[in-house]
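*Asks:* One line per chain: the protein sequences are A and B, in this order. Under my numbering, the letters of the first sequence match residues 1415 to 1794, in that order. Under my numbering, the letters of the second sequence match residues 1415 to 1794, in that order.
Treat the hints as calculated values from the structure; they're not laboratory data. Be careful, since some hints might not be right.
In this list, chains with the same sequence are indistinguishable; a pair is considered to hold if it fits within one copy or across any two.
Simulated pairs of lysine-lysine, DSBU-like, Cα-Cα distance not exceeding 35 Å [claimed, not checked]:
(1) 1756 / 1520
(2) 1563 / 1787
(3) 1787 / 1695
(4) 1436 / 1674
(5) 1652 / 1549
(6) 1787 / 1436
(7) 1772 / 1657
For reference, the chains in residue letters:
2 protein chains.
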Amino acid sequence: MPSDEEFVVTPWEVKGDVDYAKLVKQFGTELIDAKLLARIEKHAGELHYLLQRGIYFSHRDMNFVFDEYEKGNPFYLYNGRGPSGHTHIGHLTQFIFTKWMQDKFKCPYYLQLTDDEKFLFKFELELDQARFYAKENALDLIATGFDPKKTHLIMDSYHARTIYPLAIHVAKRITFSTAKAVFGFTNSNNIGSIFFTSFQAVPAFLHSVRVGRNVPCVIPLAIDQDAHFRVARDVLPKLGYLKPGILHSRFLPGLQQGGKMSASDPDSALFTVDPPEVIKKKLQNAFTGGRGNAAEQRKLGGQPEICSIFPNYQLVFIPQQDKLDALEQRCRSGEMLCGECKNICIDLATKFLTDHQKRREKARDKLNDFLLKEDELSIE
Amino acid sequence: MPSDEEFVVTPWEVKGDVDYAKLVKQFGTELIDAKLLARIEKHAGELHYLLQRGIYFSHRDMNFVFDEYEKGNPFYLYNGRGPSGHTHIGHLTQFIFTKWMQDKFKCPYYLQLTDDEKFLFKFELELDQARFYAKENALDLIATGFDPKKTHLIMDSYHARTIYPLAIHVAKRITFSTAKAVFGFTNSNNIGSIFFTSFQAVPAFLHSVRVGRNVPCVIPLAIDQDAHFRVARDVLPKLGYLKPGILHSRFLPGLQQGGKMSASDPDSALFTVDPPEVIKKKLQNAFTGGRGNAAEQRKLGGQPEICSIFPNYQLVFIPQQDKLDALEQRCRSGEMLCGECKNICIDLATKFLTDHQKRREKARDKLNDFLLKEDELSIE
């Protein structure tokens, strides 16, 4: 069926025009429905705008997670960041949503910085570069305002004392056949990349290991990472742990026509380290849903659904729904043209990112406070 | 050629009657010749009995190692122990030889205890069991008398902070194709076992990493482990490190007819933890090169070449060549029968192992002193 083959979604490649309804079927996940939203809202006291806007749109086992929650077994949070570059607005969206979850559910959060993954999958990337970006990305996490008492940064190559002994328990239950089928590996893949998924599985049960009882885990992440947890969800019960619940987000459109935000393409997105002049230039050059000329646009209105500026408002800069609706209305009606809209976005982005950058610089001294604590090396 | 297929030698399987001349050809190693022995003797001041007796019989690049030595670039030592059970006489032979090398060449020594390997390759073995044996095996190392200032114990699952970041540098350069060809992996192998060889490669350049310059490495090990270093010797130069030199030992015959010493078969060998009554029983039941009856043996003499008692003298209990020659002569001439010989062996083994066990118990407090020191977990 050629229509099914028009897009490819793996942890290392997203190609083609993704049909989310088909993807959900292909991966065997569930759409987040009104009932689940109501359940989240009931316990959180409100609904985050990224849920309201359908940016988080799919899930696995979140009803089980809330069953446990209602029985008095609250969950913890886990997700990751692949440090091959600086943090962009898409990554920040994940931090913003996860921080909201931590605030509302008062729960521990583990962020795994997979410097090993990026090193193993990118031939030209050195481990020291990945470690550099891991530290830089961690600053964005801290600047987002996570609770230092409840937040644990894992850097794979630093925390191997904790992660490796658990990862080999996962690895022992995954054959090369399975890894091949799920990730599309061939005989040419290096043996580190084949092993890597074992590391990504560990934080999905690490908190249970640390506290000595089974605590449900919730993983908010972009849907391309789902493959890792299809495997992990199969293995974890064999080790006596719960399958993690997952909240999937959509891919985020980049600033150019048809592309996606990509850490390896600086022009594809606003990055948290961008200075005002770069923000201005990127947004001025961004692809919009404008028409051929001003007169036509006054008549037909703009098209936010294909615009690359609009998602920036949706994801980060305009959390208030009434404000976003008003702006959308002014665009669709032809009242506001792209030039004005870009200037609004430049102002909002500059203010937001300048403030973020101040918090980010202050975070440099706090990095060690956020590191996951490990046992001393000693043989009892 | 069926004759080539009569034996199989991999790190996880030794099958059939090993033809060492063929094995050396198959693996592409070199026999240790008189010239190399003379070179070792010249620098060590003497020749160890395990070299004189041809127990260490094959090598890779030891002439390069001594070229460097003579230029003022001395080597360090590395080998490993797979902790799936207690230490037997065969393992002890490796410690005894390596300690002699350390004494004579005053060099650092790294012992890698591969608890991860044993866990990943033995389905029924738990990691805690492998860790238990790793600690027990370490006691035998300490009891052998290594210099605590120059000896570094690595337990893979404890020292992953140090080993994993280096292992992924090795792993990045090994494809599944290569691992498959060298180790005979199939799609059914678990992804941890496929990755493992990367861990075994690390101590072959770890000392160079720690001191910040290329130091030659010498690995005295049983020839079945050679496959790991065929791969490592290919990868290390790509990372800027030297190929390690290797000294290969033969497999050691077990106490039963035709078998080999095996950590997973308690009756196949004397173990360092065996109490006197077990030593006595094992040696009394051991297979010998005796004849059908006493009269025949008096006439024809015994056959040390097929006896399972004789190797125990060769390997550990009679290091003095003149004493061993005298005993062999008494056997071959028919003067000494197997009963007497077994009693001699029981006395020597009991004395040796009882002394060893005393030192072994005292070693329990010293384990932490021998552990490889690691950097603190901190992000600078």
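*Asks:* Compare the structure with each hint and give your call.
*Replies:* We went through each hint and held it up to the structure:
For a Cα distance limit of 35 Å, the shortest separation of residue 1756 from residue 1520 qualifies neither inside one copy, at 37 Å, nor across copies, at 71 Å. For a Cα distance limit of 35 Å, the shortest separation of residue 1563 from residue 1787 qualifies both inside one copy, at 11 Å, and across copies, at 29 Å. Neither within a single protomer nor between protomers do residue 1787 and residue 1695 lie at most 35 Å apart by alpha-carbon distance, with minima of 42 Å and 50 Å respectively. In the homo-oligomer, the alpha carbons of residue 1436 and residue 1674 lie at most 35 Å apart inside one protomer (19 Å), although the nearest pairing across protomers, at 58 Å, exceeds that limit.
In the homo-oligomer, the alpha carbons of residue 1652 and residue 1549 lie at most 35 Å apart both inside one protomer (34 Å) and across protomers (28 Å), since each shortest distance falls under that limit. In the homo-oligomer, the alpha carbons of residue 1787 and residue 1436 never lie at most 35 Å apart, since the shortest distance is 42 Å inside one protomer and 52 Å across protomers. For a Cα distance limit of 35 Å, the shortest separation of residue 1772 from residue 1657 qualifies neither inside one copy, at 39 Å, nor across copies, at 49 Å.
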